Every structure is written in structure tokens, then in C-alpha cells.
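Student: Sequence:
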Amino acid sequence: MKTDTIAAIATGMTNSGIGIIRISGPESILTADKIFKAGNKNICLKDVKSHTIHYGFIFDGKNIIDEVMVSVMKGPKSFTAEDTVEINCHGGTLIMRRILELVIRNGARLAEPGEFTKRAFLNGRIDLSEAEAVMDVISSKNEMALKNSVKQLRGTVSEKIKQLRDKIIYEIAYIESALDDPEHISLDGYKENLRIKTEKILKDVDKLIFSADNGKIVKEGINTVILGKPNAGKSSFMNILAGEERAIVTDIAGTTRDIIEENINLNGISLNIIDTAGIRSTEDVVEKIGVEKAKKIASDADLIIYVADSSACFDESDSEILELIREKKCIVLLNKTDLESKITEEDLKNKISQDTVIIRTSMKNNTGIDLFEERIKEMFFSGDIDLNDELFITNERHKEALIEVSDSLNQVIRSIDNDMPEDFYSIDLMSAYSSLGFIIGEEVSDDLVNEIFSKFCMGK
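Residues in the sequence shown are numbered consecutively from 1, following this note's numbering.
Think of the hints as simulated: they come from the structure by calculation, not from any bench. Accuracy of the hints is not assured; some may be wrong.
To be verified - For each label pair, taking beta carbons as the anchor points, the in silico distance ranges come out as:
no.: 1; residue 1: H90; residue 2: A242; range: 33 to 39 Å
no.: 2; residue 1: D447; residue 2: E101; range: 39 to 45 Å
no.: 3; residue 1: N15; residue 2: E451; range: 31 to 37 Å
no.: 4; residue 1: D60; residue 2: G17; range: 20 to 26 Å
no.: 5; residue 1: S299; residue 2: K167; range: 41 to 47 Å
no.: 6; residue 1: E373; residue 2: E67; range: 46 to 52 Å
no.: 7; residue 1: D204; residue 2: L94; range: 51 to 57 Å
no.: 8; residue 1: K167; residue 2: S16; range: 45 to 51 Å
no.: 9; residue 1: S186; residue 2: N418; range: 18 to 24 Å
no.: 10; residue 1: D204; residue 2: E451; range: 25 to 31 Å
no.: 11; residue 1: E159; residue 2: E199; range: 18 to 24 Å
no.: 12; residue 1: E373; residue 2: D204; range: 53 to 59 Å
Predicted model only: the values in this text are computed from it and were never measured. In this text, a Cβ means the ideal position worked out from N, Cα and C, and glycines have one as well.
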């Protein structure tokens, strides 16, 4: 592990009210002392109390660079568990770069992406699941994702994983002790007892795996594609959800020729929406490309919103759309219900399925949108979500590890049912124990750690 002193700009590289240059490592306070002078008294930062903030100026030689507030946090009671200094300066990009250059000239080096959080992990300040939650907090797209990420940052995943590991290691220790000292530790009746305990652990693991589907949606949003014939109201629907004129709306069919993307937040749920070209047979080269692109994107969508024009009769284009959505999660918006209808809900159900969600809408009168929002939650979440009580697995790496844990525990149960020797149970229990350790960083390689933290932003 590197133990030198690192520095980086911890705030966004854009002009703002305040910028922060973060320094961490054994020489961080000494480095800051070389360029900082208190405004009203002669102090050295190495002599001040931890977790104090000091007013003064940053100097380059005899030249004042900026008026600042400097925070001093001495290890191990800091984010990285090392001595840490944060220089709070004015938030101009030029001034932040000048101060960072000064810090580097006086003993620090430029931090790698995620290196502050990596040091917190390597120094035992946080485990790997908590470190990953740091980045999830930063990249949260909605309120639900943020709340869940904050819970994970506070150790909810870590705590659960450690509880499961404690239960498993107890059984491993018991088996190994009994095999080593059969005269004093009996295994009579143990198989039945172990089966009950393993099933309870497996139930908790499978519940976490099951939560990952909801967790993925909470974190990443629902990849949603709007399909329909030209002039059915797709772009109007997109604009209503976005709350602004994102797509051009005209009475001319075929106005939308390329995809338009927008991230929409509906009651804490993110929809990654793509408005596509209207699907129809056309000789227009550009429009034809747009139609083909719409079909390709639809094949990868989590949800398809089919906007059907209730004032127009079904034709070949509608039939083509129905083929695209037949095996997908779909909501049909029966639009233009303010006009005389030529298509009914029953007509659509007969062509798709009686279970198809169909909502009568009028984009012109803005009706049916509230019902659409309700249906989204019903379709994608397994029951009501309560972020105060539930734990969601949102990291694919965690999910894969939990699946391995489940496989190992199921193998333990099979070995018990097949009356295998006890040391077989110990092998698979240890495999489950190791896979759980992979989540919190106790069973990971240096290469994986480096890969995870390389995805972090600079200064974090």
C-alpha cells in the first residue's frame, strides 16, 4: 500500500462559490503549513487541534494566491484514517488549479481517481461495499436511489453480510472441532440441525438476490422506449413527462426521425425514455433509418410504451408494432380519446392479451398520465417499496457473489440429504463464507480493488 501524501481537487471543475483541495497522508499537514498563513495570529497547523478550521491565506512565496479556510483532521479520525487537510478556497477553476499545483510542489502528488476512498478501505475505515456506496451516492439519479445508497454507505449491506458470515463460520468451526476431537464434541443429530440452520441462511441470501431486480431499477432506472405510428402522440407524451418541449410536435406525420433521449423522474423512479421515429412503411431514406433504429432499440428495452391513435383504424404498421411488443413488458396508451374512437380497449386486448395494461389518454387534454405513473410501479416493483426497512442489492458484483453463496448452501443441503461425510459440508460452507467476503472486500484481489476504484471520480 502506498503511504505517500496525495492531493486533488474534491469539488467540480467549474466556476462556483467554493472549491476544495483535499490533501491526505503523513505529510499533509506539513505540506499545508508551507503555503498557509493564518490571517490574525501566528499558528502552525501541525500544532492545532484535530477537526478545527482556520482562516487565513495561501501564499506562493510572498504572493497571496487566495483567502481560504483550512480544515485539519488528524488520523485516524478522518475519512481516509490518515492526517487530512482540506483547503476551502474560492471556486474558480484557475484558482483551484493554482493551489493544487502549489500543494504538489510542496510535497504531495496528484491523487489517482478514487484514491482517497481506496485509502479509507485499505486502512479499514470502510469496507468495499461501503466504498462502492460512496460512488452510488454521487451518481444517484433519483430520491429512491439516493436513500438506498446512503443506507449502504452507513453499512446496511456490510452488517447483513457479516451476520451471515458469523453464522456460517460458527458451523464450520463446530464441524472442524468435532472432526478433530470426536471424544468431546459429538456430531450425533447434527445433520438435521445443520440443515435447518442452512435453510434459514439460504432464505436470507435468496431474499437479497430477489431484491436485486428492484435494486437495479432503483439505481439505474427503467429503460423505456416509446413506440407508435407517426402522429399518434408519442412526442406529445414525451414532452408531458419531461415538462418541456423536448420533441417537435406537428400535425405532419414523420416529424420525429431520430431517437430523442430523456431521463424522467416519476415519484422517485427513473425512466430512461427514448422517443423513436413513428413506425410505418416509408420511401424516405432518413425516416426509414429512424424506423429501423426504433425497432432495434425496442428489442433491448425494459418497458415499451405503445401509443395507439384511437381515432384511426388499425393497419399493417400497428400489426408490426404488436409483433415487436408481444414478448415485452408493455403499457398501451390509447390516445386521442378526446376524438371519436375507432379502436376500443377490447379491440387491443383481443390483438395482444387480456392482461395488457391499457390506459385511455388524451395528450391534448393531459388526461391519463397519473394512472400511467401508478401502473409503472405496479409492473416493476415486487410489492410496495419501503426504503426505511428494506435492503436492496444494487451492485451487480454483489448479486453475482450472492448467487454463488446460494449455490454453495444448496450443495450443503444436498450433501446432508445424501448422507455425505461432515467434511463435505465444511467445504461448501467455506465456499459460501468466502463468496460473502468477496462482497465486503475480505476475499478480493488487488487487481479487482484497483479496477473498482479506477471508476471513481477524481478527488474522491
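Student: State for each hint whether it applies.
Tutor: Okay, the hints, checked on the actual structure:
no., hint, in the structure
1, H90 <-> A242: 33 to 39 Å, "holds, 35 Å"
2, D447 <-> E101: 39 to 45 Å, "violated, 32 Å"
3, N15 <-> E451: 31 to 37 Å, "holds, 33 Å"
4, D60 <-> G17: 20 to 26 Å, "holds, 23 Å"
5, S299 <-> K167: 41 to 47 Å, "holds, 43 Å"
6, E373 <-> E67: 46 to 52 Å, "holds, 49 Å"
7, D204 <-> L94: 51 to 57 Å, "holds, 53 Å"
8, K167 <-> S16: 45 to 51 Å, "holds, 48 Å"
9, S186 <-> N418: 18 to 24 Å, "holds, 22 Å"
10, D204 <-> E451: 25 to 31 Å, "holds, 28 Å"
11, E159 <-> E199: 18 to 24 Å, "holds, 22 Å"
12, E373 <-> D204: 53 to 59 Å, "violated, 33 Å"
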